[in-house]
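J.: Here are the chains, one letter per residue:
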Amino acid sequence: MESRDVPCPFCGCLCDDVFVTVENNRIIGVENCCTLGNAKFLSKKRLKHPIMRKNGKWVEVTYEEAIDETARILSDAMRPLLYGWSGTIGEAQVVGVHLAEEIGALIDSTTSVCHNPSILAIQEVGHPGCTLGQVKNRADLVVYWGCNPIEAHPRHMSRYTTYADGYFIDNTASDRTVIVVDIRRSEGAKVADEFVQVKPGGDYLVLSALRAMVRGKSDVVPESVAGVKKVQLQRVADLMMKAKFGAVFFGLGITMSRGKYKNVRNAIELVSELNRRTKFTISAMRGHFNVYGFNEVLTWMAGYPFAVDFSRGIAFYNPGETTVIDLLERREPDACLVVASDPGAHFPKSTIEHMAAIPTVQIDPCVNATTALCQVQIPVAITGIEVAGTAYRMDGVPIRMKKVLETEFPTDQEILERIVIRIREIRADG
Amino acid sequence: MNVTITFRNRRNRRNPFIPIEAEMITPDAFFNNKEICVGEGNRTVHLNELADVGIEGTASSVDEIEILIRGDASLVKRVGEYMTGGTITIEGSIGMHCGNFMSGGRIEILGSADGWLGREMQGGEILCHGDCGDYCASGYRGGRRGMRGGSVEVIGSVGDFACEHIAGGDVLIHGNTGDFACAEMKGGTVTILGDTSRVCANMSNGTCYVYGCAAEMIPTFEKRGTINHEGLLFHHFRGDVANRGNGDLYTARFTYLQ
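Going down the list, the sequences are from chains A and B.
All residue numbers for the first sequence refer to our numbering, where the first residue is 1 and numbers rise by one.
All residue numbers for the second sequence refer to our numbering, where the first residue is 431 and numbers rise by one.
Derived from the structure by calculation, the hints contain no laboratory data.
Remember, it's a predicted structure, so these values are computed and weren't measured experimentally.
Here a beta-carbon is modelled for each residue, glycine too, at the ideal position from N, C-alpha and C.
Hints may be right or wrong, so weigh each one.
Claimed, not checked - Here are the simulated BS3-like pairs of lysine-lysine, each with C-alpha atoms no more than 30 Å apart in a straight line: (1) Lys-653/B - Lys-230/A; (2) Lys-403/A - Lys-136/A; (3) Lys-229/A - Lys-653/B; (4) Lys-464/B - Lys-199/A; (5) Lys-40/A - Lys-279/A.
As the list claims (entries may be wrong) - Simulated DEER-style distance windows between Cβ atoms: (6) Asn-462/B - Arg-276/A: 33 to 39 Å; (7) Gly-624/B - Arg-400/A: 24 to 30 Å; (8) Glu-194/A - Asn-658/B: 55 to 61 Å; (9) Ser-491/B - Ala-357/A: 58 to 64 Å; (10) Leu-540/B - Gly-133/A: 58 to 64 Å; (11) Glu-408/A - Gly-522/B: 53 to 59 Å; (12) Thr-474/B - Ala-39/A: 45 to 51 Å.
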């Protein structure tokens with residue numbers, strides 16, 4: 001059996017033109033996908049049963065027992081933390097937010113460690129953005145700032161920017177200019193018409209200088225800014241002003257380096273300044289395929305996009321105080337539920353040590369680095385391959401994920417719903 | 431009226447690292463004879479469960495109330511939030527959000543303060559003898575105006591983003607600041623006696639004095655020569671030009687990241 005136009009459940013590009021061939025309920029062929037997506041579609045290793053630590057050893061248990069233990073841990077906790085969410089669909093995230101509100105938990109997503117500063121900046125100055133379709137069909141200037149799409153979002157350039165045929169672009173190879181700004185000459189920088197190498201931590205200063213130049217105030221800018229010559233900055237500013245439609249894409253190079261959201265704010269304000277002269281847009285290169293979706297779900301349910309503390313019955317949001325890294329660093333949580341992400345592989349050592357010291361439960365189809373920190377792991381069906389549902393692309397466009405394989409594994413949503421029901425039973429018993 | 435709140439050691443509690451949310455510890459709440467409850471994680475407990483509370487005398491106005499906080503209060507948040515008068519003295523260190531939105535009265539901290547000291551404060555005064563965390567005298571996420579009035583003095587050093595979005599009032603920092611002090615400054619006066627970094631980024635108005643070195647100066651400030659201020663020579667900058675700003679930055683020394 002062959003399925004066309006399957007959305008790929010890997011990165012924020014959410015390419016929805018993948019061609020999947022299935023035989024005997026196994027994927028035997030994937031076309032149009034990049035290596036990252038391919039690996040996910042074709043992966044075979046997974047956890048077959050729920051597991052639980054008993055006397056220091058992993059023991060296979062039933063779903064009933066694993067859910068019972070999870071419910072007991074969460075209902076007992078005074079400051080439970082529910083983290084992850086970006087690798088599952090909106091329908092499951094909704095249940096997660098209900099669970100957080102019901103038990104007075106902290107809920108945070110992987111946004112916290114990637115584009116959290118982008119959201120803070122957008123809350124300060126807004127977001128002059130657009131969909132990727134607009135960029136594909138109109139942009140004659142593309143800027144990649146602090147990101148390397150060739151390795152992190154392999155099909156971004158061919159589907160939406162540099163190599164994509166556009167309705168209003170006659171010859172995509174000659175009519176699109178690409179500017180790459182980075183601290184090193186990455187793979188992406190090699191295809192750029194103009195590569196700007198900034199000293200680490202100097203993005204903010206370069207952005208300020210460009211803003212002043214676009215304003216026509218080049219005279220105040222010193223001869224060199226964070227390792228970039230004034231002549232080159234002027235050339236970049238001129239290219240930007242001459243563009244008919246410019247699109248800026250930025251990544252963790254500016255969100256997670258010194259200055260964080262101030263860097264992003266400055267980039268947004270550069271785009272606003274450019275919009276006084278021409279048409280410019282700016283977008284974040286989001287990571288997980290549905291990280292944007294969690295921001296949408298939590299915003300419509302709690303009013304804030306991530307890092308919400310429900311402990312006092314109302315939604316309180318203050319990144320730096322209610323964000324996952326800060327909480328674990330201060331050793332606040334006394335129980336943790338990880339869903340659809342792998343903090344064990346990415347978080348700083350001190351935070352992981354705290355996760356290992358408290359009862360931690362993971363809901364994930366595979367054994368991963370977080371498994372080593374857990375007391376319980378509950379395997380589930382793979383979202384986007386075995387479960388259909390809604391995910392949001394990096395530009396905020398919702399896309400229906402498809403189910404191409406049959407499975408007997410329960411979904412994230414089912415497991416979370418059963419945990420909620422079990423917690424209510426425990427509380428009713430008093 | 432003298433109120434003495436002595437926080438007990440929390441070593442025996444289930445998780446001593448859970449912060450205490452104590453927005454009710456204000457002279458106003460004691461003046462109105464309210465039952466003082468605090469949040470400990472997702473539970474609400476009576477203050478007596480965590481601290482010994484002693485009250486002596488009476489008060490005919492909120493200004494006659496003096497609160498003394500003893501014991502370890504370094505994880506106690508939001509003390510003095512929305513206070514309008516009276517005094518709070520903290521013998522040790524205090525947790526986040528001390529003096530949020532305060533409009534009158536006085537807070538003195540003999541130890542250090544955690545983040546968001548005097549966030550969005552409108553009046554009154556805060557004196558911190560130790561250091562202060564990030565976002566001292568700043569605003570809230572996404573807010574356009576931070577501190578609007580009153581005064582904050584920190585004898586030690588402060589963290590990053592001090593006085594972010596400040597729109598009024600006076601701040602005096604005796605030590606150094608972290609990165610991005612006075613970012614988006616819109617008004618008020620900030621004096622930094624030590625060193626600072628990327629100061630006054632994107633400022634639109636207000637005045638800032640740096641007696642030490644302003645490292646990594648934002649490159650879009652216009653040099654306006656030197657001036658004599660209190661017997662010392664300062665470089666005068668105006669900006670942030672990138673933001674069409676009209677703020678004044680006076681610094682004794684400065685460096686660019688070149």
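J.: Hinted pair, alpha-carbon criterion (30 Å max): Lys-464/B, Lys-199/A. Please report holds or violated.
T.: With Cα atoms ~56 Å apart, Lys-464/B and Lys-199/A exceed 30 Å; violated.
J.: Run the distance test for Lys-229/A versus Lys-653/B: straight-line Cα separation, threshold 30 Å.
T.: holds (20 Å)
J.: 58 to 64 Å was suggested as the range; check whether the CB atoms of Leu-540/B and Gly-133/A agree with it.
T.: holds (60 Å)
J.: Does the Cβ pair Asn-462/B, Arg-276/A satisfy 33 to 39 Å?
T.: violated (52 Å)
J.: Is the straight-line distance between the alpha-carbon of Lys-653/B and that of Lys-230/A 30 Å or less?
T.: holds (18 Å)
J.: Within 55 to 61 Å: is that where the Cβ-Cβ distance between Glu-194/A and Asn-658/B falls?
T.: Since the Cβ atoms of Glu-194/A and Asn-658/B sit about 45 Å apart, the hinted range of 55 to 61 Å is violated.
J.: Does the beta carbon distance between Ser-491/B and Ala-357/A stay inside 58 to 64 Å, or does it fall outside?
T.: Given about 49 Å between the Cβ atoms, the range is violated.
J.: Is the distance from the Cβ of Gly-624/B to the Cβ of Arg-400/A consistent with 24 to 30 Å?
T.: violated (57 Å)
J.: Assuming the hint says 45 to 51 Å, is it satisfied by the Cβ distance from Thr-474/B to Ala-39/A or not?
T.: holds (48 Å)
J.: Hey, Lys-403/A versus Lys-136/A, does the alpha-carbon distance stay inside 30 Å?
T.: holds (28 Å)
J.: Taking 53 to 59 Å as the stated bounds, is the beta-carbon spacing between Glu-408/A and Gly-522/B within them?
T.: With Cβ atoms ~58 Å apart, the hint holds.
J.: Taken at face value, is the distance from the CA of Lys-279/A to the CA of Lys-40/A at most 30 Å?
T.: Violated, at roughly 38 Å.
Checked against the numbered hints listed earlier, the structure breaks hints 4, 5, 6, 7, 8, 9; every other hint is satisfied.
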